[in-house]
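*Asks:* This is what each chain is made of:
2 protein chains.
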Amino acid sequence: MPKVVVLRYGHRAVRDYRVTSHCCLVARAFGAEKIVITGETDKSIAESVESVVKKWGGNFKVEFEEKWEKVVEEYKKKGFFVVHLTMYGLPLEKKIEKIREKRKILVIIGSQKVEGAVYQKSDLNISITQQPHSEIAALAVSLDWIFQGKELGKRFKGAKIKVEPAEKGKKVLKG
Amino acid sequence: MPKVVVLRYGHRAVRDYRVTSHCCLVARAFGAEKIVITGETDKSIAESVESVVKKWGGNFKVEFEEKWEKVVEEYKKKGFFVVHLTMYGLPLEKKIEKIREKRKILVIIGSQKVEGAVYQKSDLNISITQQPHSEIAALAVSLDWIFQGKELGKRFKGAKIKVEPAEKGKKVLKG
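Chains as they are written, first to last, in the working numbering: chain A, 1 to 175; chain B, 1 to 175.
Note that the list lumps identical chains together, so a pair holds whenever it fits in one copy or between two copies.
Derived pair list, reagent style DSSO-like, types lysine-lysine, alpha-carbon separation capped at 27 angstroms:
(1) K67 <-> K168
(2) K162 <-> K94
(3) K160 <-> K61
(4) K113 <-> K43
(5) K76 <-> K170
No wet-lab data here; the hints were simulated from the structure.
So here's chain A without its partners, still in its complex pose:
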């Protein structure tokens, strides 16, 4: 399984709080190791995601970095392949084999306006449909394709709380 880190580009405090929170939780649930949020620092998001990690397990990390360029450079040096998700990119379904060959992947998800340099510095610009929708959805579907659905049953170490799948209602295991 490749190692995946997510870069959330251009976070704006307050306005993007809920969408960026969803991005963090999706990154964690679908098997990424970390999210680096660039733009404005927003510690309340990190705290809220950390409280999920404490309860639900695993080692998912949230980091902040003002400049996205610095993150891309750092991860390129570490051997990460940079995939930018954008409705203008090449179709996921046509490029998935190439992405799956990589052992380390940095997935960039943008907000409303992403500057041209992100397209240029990425190794691959990938579209999840060529329609306007949601970076949360684009991230989830990409991770699901990268991990081939195996992430859906991922177990998180050290969980204090676990769901026991049920036909109706809720079954939660504690301890």
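Dock chain B against the given chain A, drawing on the hints supplied.
*Replies:* Coordinates of chain B only, in the frame set by chain A:
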């Protein structure tokens, strides 16, 4: 391909504006025919989605209905199979074959607290991972599994604007 309608449960005006908007756009982009938003009516969402449909094509519809029960009853009468997405449900990957057999599917996506009756009245409660994340992600991944990735290349009739997939940057066709 099955016919899919999405029910967004418990929309709260203002607070849920962005998340529900993402749900609408994901429903459209990933091949659903319609979204019915229950809870508070919020015409600005419908207007914003309609302006996307006008530009990007297709026949996607947004409707409002105060009571979710009414929508579920109506669609059950029309022969729809009701699938509620919840982290407490049975794993998608174990139930997908059963869902794919259906010709008409009503997919329910909730907000923070979904009342017990939704679990009871649904034909199937399905989890997309057993972790907390995002109804936007759950919807996108479910539709992608239901349509087996074929929705990613869906064409929308009457589009005034289309993306031409590009390696770098943006190519948009108009007319």
